[in-house]
Each structure stands twice: as structure tokens, then as C-alpha cells.
Amino acid sequence: MSRKDKRGPDPILDWQGAELAALRWMQKHGYADAALTRRGADAGVDVVARKALAQVKWQQPAISRPDLQRLVGARGEGRQRLLFFSGSPYSTPASQYAHQMKMCLFALHPDGEISAVNEAARKLVAPRSAWSLGPLPTTTPGQRGDDDGLIVRRPTGTVPWPGDPGLKG
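Residues in the sequence shown are numbered from 1 upward in steps of one, following our numbering.
No lab work stands behind these hints: they were computed from the structure.
Note that CB positions come from ideal geometry on N, CA and C, so glycine has one too.
Careful: at least some of the hints might be erroneous.
[Stated by the list, open to error] Calculated cross-link-like contacts (lysine-lysine; reagent style DSS-like; alpha-carbon spacing at most 25 Å):
#1 Lys51 x Lys28
#2 Lys28 x Lys57
#3 Lys51 x Lys123
[As the list claims (entries may be wrong)] Derived Cβ-Cβ restraints for the label pairs, each shown as a range:
#4 Met101 x Val125: 32 to 42 Å
#5 Gln100 x Gly8: 27 to 37 Å
#6 Thr37 x Gln69: 27 to 37 Å
All chains should be modelled from the sequences, with the hints used to inform the complete structure.
Structure representation (C-alpha cells):
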């Protein structure tokens, strides 16, 4: 582990630092092909990846619904996941629209930390590694335990996803 990794993320001082923080976050969370768009008119997209598009706003008034709508419009008919990173709060209409569109909202903090703001974002960052297979159930020969013989344990407070082996019914 490098010295930089041990000290944590770089502080965010300006819009360029905010974009770089969002880029690094996306690369760390499964979007290895993420790249910054060219400077200038970016049509509402600051970071692109094959499976995700992100808009980054650093210092401005509260993020409004039209800010989020521009990101949706930039995606067009695409199927990429939409992520919005902001150093400002999200208005209530923006939060409601993000919920409707299943857009992931994140807060950028001056110390460089990034936190999930809404349910879609929390689902995205829920650590898959937190899921573990528990011990095989105690059965007698010829009997089977839970479905395939494994018990899935989900950490308290995590949200199940579709196809979750820990769900019944």
C-alpha cells in the first residue's frame, strides 16, 4: 500500500479536484474504464464509462431537478447508470426525481470523502464482500439444508438486491 493510500483521499479544493475525486471513486467502485470528458462544454457529463455517466458539481447553490434532468438528457436512449456527485445539497424536487430515475446521488466533502446520499447510491456502494456464506447447516446424511445446503448471512443494515440468495419466497 502506498503512502498516499494510507493518508486517505486528497482534499477537494476546486471543480477540477471534484471531478478527479469522482473519477477515482468510479474507478475504485467497478468502473475501471472511467475517464474525464474534455474540458469545456461537456453536455452535462464529466466522467464517462461504458456502463455509467457522471455529472460533478462542486460549488453552487443547491442542486435542482433541472441539473439532474440534464444528465438524463445527456444519456439519451443509453442504458448507463447515472451518478451525480455534488459538493452542494440536493433540493427536495431533485431528490425525488433521482429516486424516480434510480439515479445515484453522492456528496463530495472538502476532505475528499464521498458519501452516498440516496437509496440508489447506497445500493451501489453496499459492499458485496460483506456478504458471506455461513457454515453448512447441520443435517443428517441424505437431508439437505436451506435450498442448496448453504446459509447466506447478510450484515445487519444492508439492503438485499434482486436475486439475493438470502431472500425467501
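Each hint, compared with the structure:
For the hint linking lysine 51 to lysine 28, the alpha-carbon distance of about 14 Å falls within 25 Å, and the restraint holds. Between lysine 28 and lysine 57 the CA atoms are separated by roughly 20 Å; this keeps the pair inside 25 Å, and the hint holds. Under the criterion of a C-alpha separation no larger than 25 Å, the hint pairing lysine 51 with lysine 123 is consistent with the structure, at around 16 Å. Our hint of 32 to 42 Å for methionine 101 and valine 125 is violated, since their Cβ atoms are close to 18 Å apart.
For the pair glutamine 100 and glycine 8, the supplied restraint of 27 to 37 Å holds, since their beta-carbon distance comes to about 34 Å. At roughly 18 Å, the beta carbons of threonine 37 and glutamine 69 sit outside the given window of 27 to 37 Å.
Hint compliance for this structure: hints 4 and 6 are not met, and every other hint is.
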